[in-house]
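Read top to bottom, the protein sequences are chains W and F. First residue of the first sequence: 1, per UniProt numbering; consecutive thereafter. First residue of the second sequence: 1, per UniProt numbering; consecutive thereafter.
The set of hints was computed from the structure by calculation and includes no laboratory data. Note that the structure is predicted; figures quoted are calculated from it, not measured. There could be a bad hint or two in this list.
Claimed, not checked - Cut-off 25 angstroms, straight-line C-alpha distance, at most; resulting in silico cross-link-like pairs (BS3-like, lysine-lysine):
#1 W:Lys-45 / F:Lys-92
#2 F:Lys-92 / W:Lys-127
#3 W:Lys-123 / F:Lys-92
#4 F:Lys-99 / W:Lys-199
#5 F:Lys-165 / W:Lys-257
#6 W:Lys-227 / F:Lys-99
#7 F:Lys-64 / W:Lys-409
#8 W:Lys-199 / F:Lys-92
#9 W:Lys-156 / W:Lys-141
#10 W:Lys-227 / F:Lys-92
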Amino acid sequence: MRLKVQVFALVLLLALGVVASGCIGGQQTQTQEEVTQVVIGVTDKVTDLDPANAYDFYTWEVLNNIMEGLVKYKPGTLEIEPAIAERWEVNEDSTVWTFYLRKDVKFADGTPLTAKDVVRSIKRVMKINGDPAWLVTDFVKDVVAKDDYTVVFYLKQPTSYFLALLTTPPYFPVHPNYSDTQIESDATYGGAGPYRIAKWVRDEELVLEVNPYYYGEKPKTKRIVIKFYRDASTMRLALQNGEIDIAWRTLRPSDIKSLQQGGNFNVIEIPGGFIRYICLNTKVDPTKNVKVRQALAAAIDRKEIAEKVFMGTVEPLYSLIPNGMWSHIDAFKEKYGDANIELSKKLLQEAGYSESNPLQITLWYTPTHYGDTEADLAQILKEQWERTGIIKVDIKSAEWGTYVDYARKGQMQVYLLGWYPDYLDPDDYTTPFLKSTANSWAGTGYANPTVDELLTKAQRLTDQNERAKLYEEVQRILAEDVPYIPLVQGKLYLVTQKNVKGVIIGPDMIFRYSTLYKE
Amino acid sequence: MSRGLGRYILIRALMIIPTILILYTVVFIFLRILPGNPILAVVGTKSISPEQLEHLMKMAGLDKPYHVQYFEYLWNILHGDFGVTLAFPMGKPVWDYLKQRFPATLELTIWAFTISVLLGLLTGVLGATKKGTKIDTSMRLYSIIAYTLFIPWFGMMLQYVFGVKLHLLPTSGRLDPGIHLQTITGLYVLDSILTGNWDALVSAVKHLILPAFTLGIVLSGAYTRLVRNNMVDVLSQDFIRAYHARGVPPRKVTWYALKNAFIPIVTLMGLQFAILLGGAVLTETTFSWPGMGTFIVDRIDYRDYNAIQGAVIFFAFFVGLISLIVDVIYAILDPRVKY
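With the sequences and hints as input, model every part of the structure.
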């Protein structure tokens with residue numbers, strides 16, 4: 001027995017020794033390897049590493065780092081520059097686009113990339129017909145390789161913003177190992193981007209290493225490690241403990257504020273193109289009545305929402321087209337102002353409601369999909385509407401799978417949603433919401449032939465000024481018809497350790513890791 | 001092994017089957033009666049046509065009547081097939097995830113279990129041997145506090161103190177970024193020893209300490225109380241007085257008493273293991289520990305029917321197996337139990 005106790009004590013001591021040596025040595029010695037790597041924490045998930053099926057913002061970010069398209073946004077700007085294609089030509093009515101590829105482009109394992117790969121990748125997306133396939137199939141009639149380095153796109157209709165579409169992952173050439181017909185969700189072959197995947201453990205860790213065959217400027221950091229967190233609190237603690245160099249999407253507004261005030265970290269604010277809005281069902285009572293919808297729009301105080309719910313981490317939005325994007329106008333501000341209780345009351349009275357016969361509505365939200373501030377957002381909207389004295393709001397919630405089902409079936413009256421852009425053009429903030437043939441997902445049942453016509457026309461025109469006029473008109477009609485009430489536009493926040501440099505994120509909100517480095 | 005014991009084991013093993021069947025049925029029904037489904041959760045707000053939606057539903061087998069879905073899955077399970085994931089990523093075998101995630105949970109639970117038993121025994125014995133003193137009161141207080149601690153809150157406190165303030169231990173994950181470990185069993189501590197990867201061993205142990213202590217301390221409370229009360233009973237019995245009268249050293253007497261007090265503790269160990277797995281869900285979420293708990297929570301978010309069903313069945317089978325082992329040990333330990 002004594003021997004057993006002694007063996008046990010020895011094992012325990014050894015274990016403690018190992019732990020102690022780790023605790024003492026681990027934090028202080030920094031190897032060369034650690035210096036050449038940057039660790040990024042996220043609470044997002046990589047859904048699908050196949051660009052034929054990936055359709056969420058964070059996965060697109062990863063794909064943008066391991067793949068590259070024919071063109072790309074110049075870092076930090078909305079200016080499109082050559083990428084795999086060194087130049088391009090377009091015919092007069094912008095239906096035939098010809099791209100001339102660089103001759104030195106290779107995939108991450110050294111396989112040369114030719115026009116054939118571009119064509120195969122795009123046809124693959126069309127064949128697989130996954131979630132984002134419409135970004136190709138709605139526009140491209142055919143794509144052919146004229147020779148090894150020339151690709152020609154034949155479009156279904158004139159599409160002035162085709163270059164913006166080309167910056168999205170469905171157009172990225174993928175490694176020949178990707179199957180022609182099957183989705184490969186965990187494929188690590190990648191494309192011809194600055195990084196390649198060295199290790200991938202779903203929901204746990206993604207390790208990227210520099211692609212040695214990348215044609216462009218070599219990334220500044222040899223290795224990027226992405227750590228996936230279950231929640232923002234754990235990610236914040238990991239940042240404070242030095243386990244991660246960057247806390248990226250998405251810390252809570254209160255965490256951002258307190259890290260900003262502490263002064264131990266760099267807090268970088270990035271204007272974001274994602275928007276939050278209220279959907280109003282135009283097919284059911286009482287929101288069928290346009291005066292009711294207008295009254296609801298008039299009573300909202302966006303500044304209060306931005307300050308109280310989001311602690312200033314978002315900005316008020318008065319149109320579906322975000323602030324700063326060409327053609328944006330403050331349509332709702334022009335028509336209703338902010339917290340216009342008097343106008344709201346007047347409209348409600350015109351619609352037949354009064355203090356003795358109040359308007360009863362049910363406001364829906366989903367508790368986690370848009371972060372944990374959603375219940376507060378619903379609550380403040382209720383308060384703002386009830387300030388009229390003529391509106392009574394009942395709040396209900398449903399988890400995401402159910403919520404989407406309700407929305408698609410038009411079972412909700414008034415509900416909160418959000419939108420991340422697919423491509424940076426006013427079209428992506430208007431057509432999917434307002435065009436009657438494209439907005440069934442939203443469940444508002446909105447249809448207006450004039451709007452449909454304006455949007456189709458805007459899609460075909462090549463002159464930006466002409467297009468802008470059409471989108472302005474659409475925004476005014478939106479403020480009049482109110483199938484949606486724009487609320488706020490998000491900003492993105494990135495918190496880094498003090499020694500992290502080279503963060504450049506442009507209006508496309510995609511974080512490209514190649515400019516990152518540590519001092 | 002006696003014939004009676006063999007029969008007992010067989011019956012207990014067979015009892016696992018209806019338990020799993022009932023659990024599967026309940027989970028199946030609940031997942032189906034709620035509105036929405038995995039395909040809608042994945043598609044979200046993006047605009048796809050109703051035809052495309054129908055096509056995806058068909059691909060996932062969700063267009064079939066419920067009873068067909070129920071029996072098909074059951075049939076597959078009997079053949080060791082846990083189905084494929086319906087949400088991100090679509091079409092991957094659920095078993096691949098269970099294989100990857102379960103060792104993480106098992107490693108955490110083994111450590112937490114060991115910590116809880118050791119702490120429980122230590123504090124319980126201390127309380128019993130110092131009965132009526134301030135130490136006894138402190139141990140009883142410890143038991144109540146430990147038992148009522150809320151895991152996410154307690155975990156965050158430990159993360160804050162040992163991570164953020166003292167910079168002693170990592171607060172999340174299983175290994176430091178950049179450390180490569182060849183996995184054999186999936187239990188990182190064991191794998192790093194087997195492969196002689198000492199950097200990984202240090203990192204794995206450091207990462208285990210906070211989550212294992214969080215869960216271990218919370219669960220130790222029940223042991224403290226049980227060990228103390230049993231020991232107090234045993235210590236007041238005649239044979240203990242006889243030991244004292246013969247001049248047996250007090251430490252040895254305590255050891256004999258503990259051996260006698262051990263049988264009900266073994267039963268508790270079996271029960272605790274099931275609770276332990278439940279507690280692991282909360283602990284894993286708090287520490288971003290990539291185990292079964294976080295897997296189930298993630299999959300619930302996406303309403304991934306197959307993944308949830310598969311994980312629940314796997315969990316139930318495992319808990320059933322552990323209770324069976326505990327019952328057998330109990331039967332062997334206690335000669336009074338007859339079959």
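Here is what the structure says about each hint:
no.: 1; hint: W:Lys-45 / F:Lys-92; verdict: holds, 16 angstroms
no.: 2; hint: F:Lys-92 / W:Lys-127; verdict: holds, 20 angstroms
no.: 3; hint: W:Lys-123 / F:Lys-92; verdict: holds, 24 angstroms
no.: 4; hint: F:Lys-99 / W:Lys-199; verdict: holds, 18 angstroms
no.: 5; hint: F:Lys-165 / W:Lys-257; verdict: holds, 20 angstroms
no.: 6; hint: W:Lys-227 / F:Lys-99; verdict: holds, 21 angstroms
no.: 7; hint: F:Lys-64 / W:Lys-409; verdict: holds, 21 angstroms
no.: 8; hint: W:Lys-199 / F:Lys-92; verdict: holds, 18 angstroms
no.: 9; hint: W:Lys-156 / W:Lys-141; verdict: holds, 5 angstroms
no.: 10; hint: W:Lys-227 / F:Lys-92; verdict: holds, 22 angstroms
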